[in-house]
Structure formats: C-alpha cells, structure tokens
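Line by line, the protein sequences are chains C and Z. Everything in the first sequence is counted per my numbering, starting at 1 for the first residue and increasing by one. Everything in the second sequence is counted per my numbering, starting at 1 for the first residue and increasing by one.
Source of the hints: derived by calculation from the structure; they are not laboratory data. Wrong hints could be hidden among the right ones.
Simulated coverage check for chain C against chain Z, where a stretch passes if three residues somewhere in it have a Cβ under 8 Å from a Cβ of chain Z [to be verified]:
no., region
1, 7-16
2, 81-92
So the derived label-pair ranges between C-beta atoms look like this [said to hold, decoys possible]:
no., chain 1, residue 1, chain 2, residue 2, range
3, Z, H13, C, A25, 42 to 52 Å
4, C, Q66, Z, P186, 28 to 38 Å
5, C, Q66, Z, N211, 23 to 33 Å
6, C, Q219, Z, N211, 24 to 34 Å
7, Z, S44, C, Q66, 34 to 44 Å
8, Z, S148, C, D68, 48 to 58 Å
9, Z, K16, C, R147, 38 to 48 Å
10, Z, P186, C, L114, 58 to 68 Å
11, C, E65, Z, P186, 27 to 37 Å
12, C, D68, Z, F18, 52 to 62 Å
13, Z, S6, C, D68, 42 to 52 Å
14, Z, S150, C, Q66, 53 to 63 Å
15, C, K161, Z, E173, 50 to 60 Å
16, C, T143, Z, Y256, 25 to 35 Å
The beta-carbon is built from N, C-alpha and C at its ideal position, and this holds for glycine as well.
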Amino acid sequence: MNHSQNEHTLKAFDGDLITLRGLIAEIGGRAEKAVEGAMTALATNDLDLARQVVEGDKRIDALEEQIDRMVIQTIALRAPMADDLRELVAALKISGVVERIGDYAKNIAKRVALIDADQHIEAARLLPAMADATRQLVDDAFTAFARRDADLAVAVCAQDKTVDDFYNSIFRALIAHMIENPEHVGAGTHLLFIAKNLERIGDHATNVSEMVYFAVTGQSMNERERGDDALAPDTDRSGAS
Amino acid sequence: MTETVSAPKMSAHDVKVFYGDKQAIKGVSIDIDMDNVVAFIGPSGCGKSTFLRTLNRMNDTIPTARVEGDITLDGENIYSSKMDVVQLRARVGMVFQKPNPFPKSIYDNVAYGPRIHGLAPNKAELDQIVENSLVRAGLWNEVKDRLSESGTALSGGQQQRLCIARAIAVDPEVILMDEPCSALDPIATAKIEELIHELRGRYAIVIVTHNMQQAARVSQKTAFFHLGTMVEYGDTSDIFTNPREERTRDYITGRYG
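Input sequences plus hints: build the corresponding full structure.
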C-alpha cells in the first residue's frame, strides 16, 4: 500500500508533516555534506574546510533536537495512526542516526590536522573511492526517505556490502603498510580510524533505510546478510601477513 | 503453553439489514469470542450501531427494519422463532450512549432484572446479586451507603456504571456497548475503560465507539465499518499501526473523505 495521497481533514497536521520532512531532508543533506567536506579536507589537507566541518556539526545536533521535539509534540497533539505514526517514529530514529553520521564526519575532520601531509601512504589510495561509495549510500538513504521508496531502501542495504569490502581491503593494506613502515604508524592509525568511521557511516545509512522501509511498508526489513568486517573470523588474512 | 481454541461466543454470517428499501448492512460476517474485547469503529452512518443492535435483536423494535443472514449465540440461531427475545436480551446485555437509569432507587435499578427473571429466590440472595453487580461495575464503594437514593441523582459516569451493573445483574454472557463514554468526562471515561478491562474474559464485550483512541485502548480486536460493509477486522495493534486496507488507513489517520 503506497503512502496516502489524500490530505488530512485537519490541514495543520499535513503542515506539521511537511515541516518535519523538510527538517529530515535538511539534516540528511548536512550530514552528507559533512562526510564529503571531511574527506575533501583530508584529500587536499585543507584545515579550514576541516574546521568548517567540525563547526557545522553543531547545526546537525541542533536539528536533531528540533526534530525530536517536533516528533514528540506531534505524537502528543495529533495522536497519529498507521503510516503517520510509523513515519514519525522513523523520523525520530533517523534523526538520532544522522546525528551519529555527523559525529563520524566531525571525527574524520578532526584527524585531518593530525596526519602529516607529507607522508604519502599508498595503502590508503582506496579511501576516496570508499568515501564516494559511503556518501552515495547516505544520499540514497535520504532520497528513499523523501520518495517513500522501499525498493531504494533495500538497495541501500545491499550496497552497504561495497563499503564493507572497501573497509576490509583498506584495513589489510594499512596494517601491512604499517608493519613494513613503522614510522607511518601514527598517520596509518588515523587513516584506519577514518576508514572505520566511513564503514560506520555506511551502517547508519542502512539504519536510515531500514526505518524508511518500516515507515513505508509497516514491515521490518528481513534480516539481511551483512558484509563481514575485519574483526570477524576470516579465512583470508593473507593481506596482513 | 497450549493454546485453547474456543468456539466463538457469537457468530454472524452474511448479515444484511434493511430499513424499508434502504440497505444499511451489506453482508457482514464476524466471530466474537470471550477473550477479546471487540471495537467497532467507522464514520457516522457506516452501520456499526445498526450491526451491534442485530446482536441482541434490538432492531426488532424498529417496524421497518428487516434482518437477513445468520447470527448465532453458542451455535444457536438468535433469529429462530424458538428464541425467547426477552431471554436473549438478558444473555446479551446492552449499555447505551446516554446513561438511562430507571427513575428508581440505585438498589432497584440493579435488582430489577434479577427480579423479573426470577434469579433471586429471597431478599438475601437479591442483596448479594446487587452488591456483586455494583462491585463488578466499580460503583459499590461510592453508593453502598445510599442504595435507596434515586439512580438518576448520580453523576453521569456513575449512572453509566449503574447501567453496566444493571446489565451484569442478570448474569449475561455478552455485553454490547454503544458509545458508552461519549456523554462522559475523561475521568469517568477512564473508569469505564478500566471496567471494560476488568470485565474482559468474564463476558464477551463489543463496543461501538467514535473515539479511535478509546478503541485502541480498550479492545484487542477492531472492526472498521464503512458504508454498510465491514472493511477490515483484525488485531487492534495491527489495525492502528499497519492496516491492510486503504479505506481503514485513511479513516484512522484522519484522511477520511
């Protein structure tokens, strides 16, 4: 059953929902931009841009609070049911998840100044591609929310595997590199955390998608196969030896 | 834990109701069991009250009304010519929108049914029935010292609980409630809702309500009526979070019409 095209008899309720959707779009857009900004700052060693990303996270936090307040108020005042209720619960959870995405982006930006720009670590060459894939996941998750698109939400969850695969490759390559180049352990560890942050951002994009799927269909997305990460017992550790 | 599947207390099959030429109910089938409070919801004129009234033949009192289809109570057709309608209405009691106590004492309001049905052979047993009924209706503590005062002197909420006590007094199996709280304030409403909760399991309960929050609060099963048909019947938790039918969804989310 698709989202109802009919308006509520009480027009103010539609107004509330439109405002809320706007806020979700804004917080999602800002989180995506923060990820992009942090990775650009890393690639170009742009400390100004990194600072802007750190500063911009305050706005994301403020939006999260605003969304939470609005959802609680709407539940209290409008007594929503069915798809309206599901959308509000999804909005509440999504705002919390996006706030975490913002935190990860901020954490990446903070590391830019700590990495010696002169040290070129070939092992991290996949990071920009991983960042692109991650940013795309976040973008798709919020597109799915805006369009009430359950299929796109499922696709995001499937695509998360790509980000996980990137992470596993980068993890192994960096560990191998650091073993061979102990003087790069400092920068290498920061890059490792950055890759881990991107991997977590990808997971949160799938969390957003799961909430979109729930809001649209009323069902929870089936337990899907998650890409294993480097911590899981693994048959192929050759890259790290 | 073994699940006991009991036969439905009441069962309606393809019930149609006509007022003269106008068809008010267009083939409704539903099972009502002892374990679940059933709520009927739907917009005004959807037929939910009309259908409720078929369950104890209250429509008999309307000359132009005609009922087709089968309705059974413990497997027995209640529209059969052998059915004693007075007895039926004792077994399937009803509580109305507006509290309607008799202009008699509190005691006599409750004692009236047991007296005419010959349920109490002596005064002591009648006293016991009156007390038990008022206790179960959650009214005993408020009225035990003034049982001889007029029932109409009570507050609206107390009057409604008196009417419930009156229905309980004849030991019914099913209680039908037609918007029992729409004339009551929120506190009195909460007391009735708590009472419905207490009575669940002892009686099969069907409640018609305009208040969807109330349906969500008191019932385990909800039926949505629209234009004389039952659009959807299911677990209340499903109906209010993930209804199957678009018409149900539009109604409960306030998008109706």
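Hint-by-hint comparison with the structure:
Three residues within the 8 Å Cβ limit are the bar, and the region 7-16 of chain C against chain Z gives 5, so the coverage statement holds. Interface restraint, the region 81-92 of chain C with chain Z: holds (6 residues with C-beta to C-beta distance below 8 Å; minimum three). Taking the beta carbon of each, H13/Z and A25/C are about 51 Å apart, inside 42 to 52 Å as hinted. About 31 Å separates the C-beta atoms of Q66/C and P186/Z, a value consistent with the hinted range of 28 to 38 Å.
The hint said 23 to 33 Å for the Cβ distance between Q66/C and N211/Z, and at roughly 32 Å that hint holds. Taking the beta carbon of each, Q219/C and N211/Z are about 28 Å apart, inside 24 to 34 Å as hinted. The given range of 34 to 44 Å is respected by S44/Z and Q66/C, whose C-beta atoms sit roughly 39 Å from each other. Range check, S148/Z to D68/C: about 57 Å between beta-carbon atoms, so the 48 to 58 Å window is met.
At roughly 44 Å, the beta carbons of K16/Z and R147/C sit within the given window of 38 to 48 Å. Hint check: P186/Z to L114/C, Cβ distance near 60 Å, so the stated range 58 to 68 Å holds. For the pair E65/C and P186/Z, the supplied restraint of 27 to 37 Å holds, since their beta-carbon distance comes to about 31 Å. Remark: the range hint 52 to 62 Å for D68/C to F18/Z is upheld by a beta-carbon distance near 53 Å.
Distance hint check: the CB atoms of S6/Z and D68/C are about 45 Å apart, consistent with the given range 42 to 52 Å. For S150/Z and Q66/C, the hinted distance range of 53 to 63 Å is satisfied, since their beta carbons lie about 57 Å from each other. Checked against the given bound of 50 to 60 Å, the beta carbons of K161/C and E173/Z, roughly 59 Å apart, stay inside it. Between T143/C and Y256/Z the C-beta distance comes to about 31 Å, which sits within the given range of 25 to 35 Å.
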